[in-house]
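Once you've looked at the hints, dock chains B, C and D against the given chain A.
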Amino acid sequence: MQIQVPEISLWQVLPELIVLATAVGVLASDLFVKSVQRVNVTLTATLGLLIAFFTARSLEASATPIFAGMVVRDSLSILLDQIFLAGAMLVTWIGHEYARRNPRQFPEFTALVLFATIGMMVIAMSADLIPLFVGIELLSLPLFVLAGSDKDRLASGEASLKYFLLGAFSTGFLVYGIAFIFGVTRTTNLTVIGQSLAAHAEATPLLVLGFALLLVGLGFKISLAPFHMWAPDVYQGAPTPATAWIATGSKIAGFVALMRVFTLPDVSFAALSDYWTPGIWWLALITMIIGNAGALMQSDLKRMLAYSSIAHGGYLAMAFTSGTRIGAEATLFYMAAYLLMTVGAFGVAIAASRSGQECEKIADLSGLARQRPWLAFAMSIFMLSLAGMPGTAGFVGKLWLFGAAVQAQYYSLALIGVLTTLLSFYYYLRVIVYMYVHEPDDRLLFNRYSFSNGLALTVCAVGLVGLGVFPNLLWSTIRLCTGAV
Amino acid sequence: MIGLYHFLILSGVLFSLGVLGVLLRRNALVVLMAVELMLNAANLAVVAFVRYPMFGDGGIVNAQDYAAMTNGMTLVFLVMTVAAAEVGVGLAIVINLYRQKKSVNIEEANALKG
Amino acid sequence: MTDSHLFNVLVPSLLKMVVIFHVLLGVVAYLVLVERKLLGRFQQRVGPTRVGPWGLLQPIADGLKLFLKEDIIPTKADRVLFIAAPLISMITALLAMAVIPFGPRFELFGIDFGYLQIADVNVGLLYIFGITSLGVYGIFLAGWSSGNKYSLIGGLRSSAQMISYELTLGLSVIVILMACGSLRMSQIAESQGDGFWNWWIFSTQWYFIPGLIGFFLYLISAFAETNRLPFDLPEAETELVSGYNTEYSSMKFAMFFMAEYVNIITVCSIATTLFLGAWHSPLPFAPFTSVPGVIWFLAKVFSLVFVFIWIRATLPRFRYDQLMHFGWKVLLPLALVNILLAAAGLIAAGSF
Amino acid sequence: MVGAFFFWIFAFTAFFAGVGVVASRNPMHSAISLVAVLISIAGLFLALHAEFLAWILVIVYTGAVMVLIVFVISLLNLDKDEPIDYTAARRWGMAALTMFIAAFLVYLYADPLIGAGHPAKPPVPDDWGSVQTVAIDLFTRYMIVVQLAGVLLTAAVIGAVVVARKPEQNEEREPGA
Chain A
1 MQIQVPEISL WQVLPELIVL ATAVGVLASD LFVKSVQRVN VTLTATLGLL IAFFTARSLE
61 ASATPIFAGM VVRDSLSILL DQIFLAGAML VTWIGHEYAR RNPRQFPEFT ALVLFATIGM
121 MVIAMSADLI PLFVGIELLS LPLFVLAGSD KDRLASGEAS LKYFLLGAFS TGFLVYGIAF
181 IFGVTRTTNL TVIGQSLAAH AEATPLLVLG FALLLVGLGF KISLAPFHMW APDVYQGAPT
241 PATAWIATGS KIAGFVALMR VFTLPDVSFA ALSDYWTPGI WWLALITMII GNAGALMQSD
301 LKRMLAYSSI AHGGYLAMAF TSGTRIGAEA TLFYMAAYLL MTVGAFGVAI AASRSGQECE
361 KIADLSGLAR QRPWLAFAMS IFMLSLAGMP GTAGFVGKLW LFGAAVQAQY YSLALIGVLT
421 TLLSFYYYLR VIVYMYVHEP DDRLLFNRYS FSNGLALTVC AVGLVGLGVF PNLLWSTIRL
481 CTGAV
Chain B
1 MIGLYHFLIL SGVLFSLGVL GVLLRRNALV VLMAVELMLN AANLAVVAFV RYPMFGDGGI
61 VNAQDYAAMT NGMTLVFLVM TVAAAEVGVG LAIVINLYRQ KKSVNIEEAN ALKG
Chain C
1 MTDSHLFNVL VPSLLKMVVI FHVLLGVVAY LVLVERKLLG RFQQRVGPTR VGPWGLLQPI
61 ADGLKLFLKE DIIPTKADRV LFIAAPLISM ITALLAMAVI PFGPRFELFG IDFGYLQIAD
121 VNVGLLYIFG ITSLGVYGIF LAGWSSGNKY SLIGGLRSSA QMISYELTLG LSVIVILMAC
181 GSLRMSQIAE SQGDGFWNWW IFSTQWYFIP GLIGFFLYLI SAFAETNRLP FDLPEAETEL
241 VSGYNTEYSS MKFAMFFMAE YVNIITVCSI ATTLFLGAWH SPLPFAPFTS VPGVIWFLAK
301 VFSLVFVFIW IRATLPRFRY DQLMHFGWKV LLPLALVNIL LAAAGLIAAG SF
Chain D
1 MVGAFFFWIF AFTAFFAGVG VVASRNPMHS AISLVAVLIS IAGLFLALHA EFLAWILVIV
61 YTGAVMVLIV FVISLLNLDK DEPIDYTAAR RWGMAALTMF IAAFLVYLYA DPLIGAGHPA
121 KPPVPDDWGS VQTVAIDLFT RYMIVVQLAG VLLTAAVIGA VVVARKPEQN EEREPGA
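Residue numbers (the working numbering), protein chains in the order written: chain A, 1 to 485; chain B, 1 to 114; chain C, 1 to 352; chain D, 1 to 177.
The shape of chain A in the complex, shown without the other chains:
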């Protein structure tokens, strides 16, 4: 029997392979080098991620799927690879400090972050529902574990269980949705699905059911309301660096999955946008309201950030609903900005610990400005950017998000978006007030924060301001992406 082997173009997936090698290298380096501070782990990871980052940059984009149509190395996936790799690097750096303080946290932490990163990169380059699904799981499983990585805290174990059960539940919906889509189109290849749907753009009930289930499944992963209820608990319970990666990487990857499946023209369900846009429209609306309303009432910093992250998911979904090119561009830009500000905020939460006491409540930040002025300043930038203050990337991103919604004539959605944004200033500014106005409530000093954490925060803050003032730095690349796909 003649067996035809498709072309194997490994160099096209070189960044993924490098990250995989790094993950294995990290495990090995912890095995063979007994270092108390685990500098070797962080250094190995940083080196590997840097190499992967520059490899990804140097790749040549091509819209032709590779590996028998399973994955595609277009400029979108290259850009997203860079975003994920940068994010993984930042998380590794802020995680380094957390691990130093909590020695009971296991050293496999970094390796699992890297495995999750591979999952995200796979999602970014899938041209087929099968790698998309495997990528989502490869992203989720390490994150379930990361959420439970702090064995000293009961909350961590509980967060891990909740995250796992809801994640598995959502996988069920996702798979069932894929099953129906496969049933109607008889393929899982997104390009072929797009072509056949464009050819007879008629939504059979089974197909609609498939969409709906897929949307529910992905909605859980990106915590769109009403599928958001796990997020606050998990964000609060998980160790902070894990939370940072759950809040950013996993959410961005979920949106990328949505983008791959729903909006990319000609290759996916874009032909049937009439059927799925109302669904996402409502989800975006509810998510914005619930996220912001929930954040108002929180006194716990990580819980507040969790609701804020839900709210930002709503904003992203809003631009996403428009289904236009500017919508996709705005989503991509905001993803990058969101990554920087959220990782930065969690990084400050890690750095602003007192001896033997992690920063949990917002009130724990009291007096930060006096003792650690740079931390407080960076946190202010993150908060202002999250709120959407002009001069930061958050503002530019939001402007485009709302612009996309207005352009698609979703006026009511844009209006709700603006109103809730105004509302959000309250809880973001509250953090700044605590840092600058309130006196520290006890005599405990804040810990010194490590070099790696400081570096991560500086990168985030500089990046946010830089993108806020010169958005074209990223914008031109993004335009190239959406032009190419």
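These are calculated hints, taken from the structure and not from any lab test.
Because the structure is a prediction, the values reported are computed rather than measured.
Here a beta-carbon is modelled for each residue, glycine too, at the ideal position from N, C-alpha and C.
Careful: at least some of the hints might be erroneous.
[What the hints assert, rightly or not] Under the rule of at most 25 Å between Cα atoms (straight-line distance), these lysine-lysine pairs were calculated in the DSS-like manner: (1) D:K166 with C:K329; (2) D:K166 with B:K101; (3) D:K166 with C:K149; (4) C:K37 with C:K65; (5) B:K102 with D:K166; (6) C:K149 with B:K101; (7) B:K102 with C:K149; (8) B:K102 with C:K76.
[Unchecked claim] Calculated from the model, a selection of chain A residues having no Cβ within reach of chain D, i.e. all distances over 10 Å: (9) T55; (10) R57; (11) D274; (12) Y426; (13) L455.
For chains B, C and D alone, coordinates are given in the frame of chain A:
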């Protein structure tokens, strides 16, 4: 005569039973099993779709049908693989929590409230 | 389905089923006696001699004794599963026999009976692994449902042990699949004709190393799968008072007992089919080839069974952690390396 | 006829065992019911000419995954009866679910593609769904996803081990911490 929707209905019923189990039960392990039920219901649907092409004319199967067949079967195969990995991780998480709380009841996992 | 078709397929199958089933049960009964006799010899004793000439009626006496004993279900037991457990053990043990080709094609009264095999499934090997993987439940549920901590420990040990060694068992056989290219048991058997150098134990590529390693890996994990010494931890009498079957008596105990011996015969038959040339004679000329295939098959099976008993009489029991380490850190890597070896050999020989 | 007979046998087993998974108070009984569901589904796979998947289902799911679950259940000694919870939120869930099933069935019958009649069932050759056919595509067209599944399993193994591992007592990774 057994047709596609016999299988689809069975799959739908099993899926719903799984969802019901997740919503109704408080034992984390039973919830995990209910999720497995959901995944297998989905697998059953895929395999049924493979056997009964919805746009097919009932003629002799051709190369394209073979491609669709292996496509569906690969999907099911990977869902099984993923489910196995998921169970492994899930059981580890349950054991981890049991060590701390001596219980696998998800209602009792209430350290997080806000 | 026409009548004649039904007749041609169903009747031979049924007949073969009846014959194989009954022969098997008879063999199992006498296997116990053979084991006791052999153990006696190994230990400089004579073994049972009282019932019948040379103790030949001992199995019947044993059977009668078991039937007449009181059937007890402990009050703390989970009744349904307690009763189901021996059934599962017995049924899975017997089901696995369905695809074993005991002999070549034959005809009787002008009817083509096919191979001396109940069902010639084209995924025979997968079928066997599927069925044996269900066998774990019998032992495990017995241990769990008894409501006795020794039984539970026995059940836990057995399930861990059986899952661990099933991996090696499966991987050791992959070598043959690669060389032979079929999962159909009869085809694997057919591919080993004309002399013992064509048996898969000797004829896998790269000289005979992969086949030989595969055979020994298979044999070792088969000991673990059947819970025989040196891997009989699930029922270790001295520490667990017989483990999972502590609470069982009478017929239910007999069923476990029989299931164990049926399993021994099954794994030996599989080894014979896969590695030792099935029903083919070792030398492809006259005096050997005139002996019927079934006789060769049974001779090979009983040589292997003899090895089982021999090992039981010779080796001490493993400690539990040693057992796990041995399975995961020695056997499994060896099996994987073996597959690589075989693949390299096949590529070198140009078979791919 | 034979096909229909097998379908109904397996379908009913799967259904009642599925109810058993959800309704059994003892987790062990749920697990054994799930094993029964899986075996029935494997039977249905065989009826649908997916023999590779059928046996993989039996070997992987019932032979390994479920044994693991059963193992953990008895390891944690969870054979206590657990009352099923019917609080308000869960009632809502059940109601929503019933609606889902109803909507699903209505959809199914309203679907012009299905409602008009059964989709045809073409006769298939012997190698349809066989180990060889599926395996060849798994290792050629779908090679990259199989590799990915390998990465996934590696990550899962590492993750499972580090989570389930007992926290080391007196761990001295950082002096003075």
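Hint-by-hint comparison with the structure:
{"no.": "1", "hint": "D:K166 with C:K329", "verdict": "holds (21 Å)"}
{"no.": "2", "hint": "D:K166 with B:K101", "verdict": "holds (14 Å)"}
{"no.": "3", "hint": "D:K166 with C:K149", "verdict": "holds (23 Å)"}
{"no.": "4", "hint": "C:K37 with C:K65", "verdict": "holds (19 Å)"}
{"no.": "5", "hint": "B:K102 with D:K166", "verdict": "holds (14 Å)"}
{"no.": "6", "hint": "C:K149 with B:K101", "verdict": "holds (23 Å)"}
{"no.": "7", "hint": "B:K102 with C:K149", "verdict": "holds (19 Å)"}
{"no.": "8", "hint": "B:K102 with C:K76", "verdict": "holds (23 Å)"}
{"no.": "9", "hint": "T55", "verdict": "holds (18 Å)"}
{"no.": "10", "hint": "R57", "verdict": "holds (22 Å)"}
{"no.": "11", "hint": "D274", "verdict": "holds (18 Å)"}
{"no.": "12", "hint": "Y426", "verdict": "holds (30 Å)"}
{"no.": "13", "hint": "L455", "verdict": "holds (21 Å)"}
Consistency note: the structure conflicts with none of the earlier hints.
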